[in-house]
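A.B. asks: What follows is each chain in one-letter form.
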Amino acid sequence: MGDYMLAYGEYYQGRLHPASLEILSPLREIANQLGKKLALLVLAPTYEEVQNNTELLKAICDEVLVVAHESLGEFKDDLYERVVVEVVKGLRPFGVFFPATLQGLALAPRVAGKLGVGLCAHVNALEIEDGELYMLRPTYGENIMAKLYSTTLPVMATLALGAFSIKEGERAPIFKLWEMSSDFSWESKLKIRQFTPAKKEINRLSVAKVVLAGGLGLKKKENFEKLIRLAQLLEGEVGATRPLCHAGWVEEERMIGVSGISVRPKLYIGFGISGAIQHTVGMENSEFIIAVNTDKEAPLVKLAHLSLIADAEKVIDALLKKLETRP
Amino acid sequence: MEKIVVCIKGVPRPGTVKVDPVTHTLRREGAELMLNPHDRPALEMAMRLKNRYGVPVVVLSMGPPNVVPLLKEAYALGADEMILLSDRAFAGADTLATSRVLAKALERLSPFSLVLMGLKSIDGETAQVPPETAALLGIPSVINVREIAFEEDKVLLIRGTDYGEEELEVSPPLIVSVTTKMDYLRPPSFKRILESRELSPKVFTASDLGLSEEHLGLKGSPTQVAGLFERVREAKGEIWEGDPEELAGRLIELLKERGFIKS
Chain A
1 MGDYMLAYGE
11 YYQGRLHPAS
21 LEILSPLREI
31 ANQLGKKLAL
41 LVLAPTYEEV
51 QNNTELLKAI
61 CDEVLVVAHE
71 SLGEFKDDLY
81 ERVVVEVVKG
91 LRPFGVFFPA
101 TLQGLALAPR
111 VAGKLGVGLC
121 AHVNALEIED
131 GELYMLRPTY
141 GENIMAKLYS
151 TTLPVMATLA
161 LGAFSIKEGE
171 RAPIFKLWEM
181 SSDFSWESKL
191 KIRQFTPAKK
201 EINRLSVAKV
211 VLAGGLGLKK
221 KENFEKLIRL
231 AQLLEGEVGA
241 TRPLCHAGWV
251 EEERMIGVSG
261 ISVRPKLYIG
271 FGISGAIQHT
281 VGMENSEFII
291 AVNTDKEAPL
301 VKLAHLSLIA
311 DAEKVIDALL
321 KKLETRP
Chain B
328 MEKIVVCIKG
338 VPRPGTVKVD
348 PVTHTLRREG
358 AELMLNPHDR
368 PALEMAMRLK
378 NRYGVPVVVL
388 SMGPPNVVPL
398 LKEAYALGAD
408 EMILLSDRAF
418 AGADTLATSR
428 VLAKALERLS
438 PFSLVLMGLK
448 SIDGETAQVP
458 PETAALLGIP
468 SVINVREIAF
478 EEDKVLLIRG
488 TDYGEEELEV
498 SPPLIVSVTT
508 KMDYLRPPSF
518 KRILESRELS
528 PKVFTASDLG
538 LSEEHLGLKG
548 SPTQVAGLFE
558 RVREAKGEIW
568 EGDPEELAGR
578 LIELLKERGF
588 IKS
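If you read the protein sequences in the order shown, they are chains A and B.
Residues in the first sequence are numbered from 1 upward in steps of one, following my numbering.
Residues in the second sequence are numbered from 328 upward in steps of one, following my numbering.
These are computed hints drawn from the structure, not numbers from a lab.
Values in this document were obtained by computation on a predicted structure and should not be read as measured data.
Note that CB positions come from ideal geometry on N, CA and C, so glycine has one too.
A portion of the hints provided could be inaccurate.
Listed next, the in silico DSBU-like pairs over lysine-lysine satisfying Cα-Cα at most 30 Å (straight line) [stated by the list, open to error]:
no., chain 1, residue 1, chain 2, residue 2
1, A, Lys226, B, Lys583
2, B, Lys330, A, Lys114
3, B, Lys589, A, Lys302
4, A, Lys266, B, Lys589
5, A, Lys191, B, Lys508
6, B, Lys508, A, Lys219
7, A, Lys266, B, Lys563
8, A, Lys189, B, Lys377
9, B, Lys583, A, Lys209
10, B, Lys589, A, Lys314
11, A, Lys226, B, Lys508
12, B, Lys589, A, Lys321
13, B, Lys583, A, Lys302
14, B, Lys583, A, Lys321
15, A, Lys147, B, Lys563
16, A, Lys302, B, Lys563
17, A, Lys191, B, Lys377
18, A, Lys219, B, Lys481
19, A, Lys89, B, Lys546
20, B, Lys563, A, Lys314
21, A, Lys114, B, Lys481
22, A, Lys36, A, Lys167
23, A, Lys191, B, Lys589
Derived CB-CB ranges, DEER-like [as the list claims (entries may be wrong)]:
no., chain 1, residue 1, chain 2, residue 2, range
24, A, Glu324, B, Pro514, 36 to 44 Å
25, B, Glu329, A, Gln33, 32 to 40 Å
26, B, Gly491, A, Gln51, 22 to 30 Å
Could you put the whole structure together from the sequences, leaning on the hints where they help?
C.D. replies: In structure tokens:
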């Protein structure tokens, strides 16, 4: 089975979600190693608009497969599932991969369920060993990574957001219009009555050059607010560990780690973060890592390029005092 | 509208989980279980719909017998009926093997209009089971929903997407996963806590549901764990110790040197 590796290209209102380009980077390597072609599947209202999309010209895949139909302007979970399943059955790829966006998380499990195959979630590394494809992700409650494989084909996974950086191809991919069977029903049980675009600016965390992240060592919510002030002074973004998001100190969109966002800034400073693997998988590729923690044995201290062994709150206070009074 | 079914999950209390050294799956039998925190908003949503439209609510959980107290928690919040899906053969299931059991149980409970689940569990964190179960049943699914209303024979929903919010109209039955953010979660009723002591859930096993073992549990799971490994890291960095004021001063100098602060 399978001359192809298939990636899902999330396309909405004329734009390709950047996470779809991210997942092409590791898949390119895997496809090369296995001698497969890499195709990006795009569902859109018209073929022309996809062919004219400049982002796609730089995608590092061999082909862009387009399913075009007027009903594909809005994401309808049940219809999209049936489209992807029909393409997979026709193309017979070795693997099908989705970005772990909300749309990917809604669609991939439906496709896997319909095909009766396994689906790994939030994978942040792919490996080939003896011709077998392995998917890596952290496990619950322990500082341990799990290496997973699938006993069914196609191999399927959602890939963690921000875990891979976008690479540009040297030549444009070949565009192909995928013909759906003539009796395919474009009906959906879902009808979108209204769409309200997000008011606030899209979270810049995953592409920030400077990230200041807070953990439970900050002890109280007010200290997280100080961290936000500090981030503004350093022209950076704030992130947080899972417990802080769950405690409601900060919105969950700012969670760094498994099932949250992965960051790879030039500078990452973790304040009061011990460094559970659930968090560190989302920041370990940062260029320069600083840990501020009272515990010299904390995992983040072991990972960091520089560690300040001190109370995070006191260090933040001192930094704010010095930076805010600067002329 | 027909009844609402809420699927809840018992998750190991953080810190009490053990990984089976042979199968590498989580051992739930020995762990202290708590209600998956993301299931609370799903239960809250069900109770709001029950109060508003007078539809009955069934709460269902797949797991070992020690999830019964969690079903009773849901009863205390206002659920009308409790169902436990329990069988040794279910253990070690991935999301597909779990969805197969839920889909069969839901078929058994039909007719229903709406199935509510939490967005994800805090242990697996896959968020896959609600759409996967829906696909097996051939019914629609909508994830990350913050509002639900019934209008004639339609279910109206508001879902959060990566681009904003959508108001949807869906023909039931459907499966919905509820957002993790909810402004208010009702407390359990004391009267119902007392009542629940006398009650026990209806139990379905694999054979009750007509499921064969090769599709269940670890054996029936297409995703398998090849191994677990610790990512050992050597301390490679510099360590600064001392007075926070002084450390902050040194840090600012370093950030200036590296161009993160304009001097």
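A.B. asks: Failing hints, ascending?
C.D. replies: 18, 23 and 25
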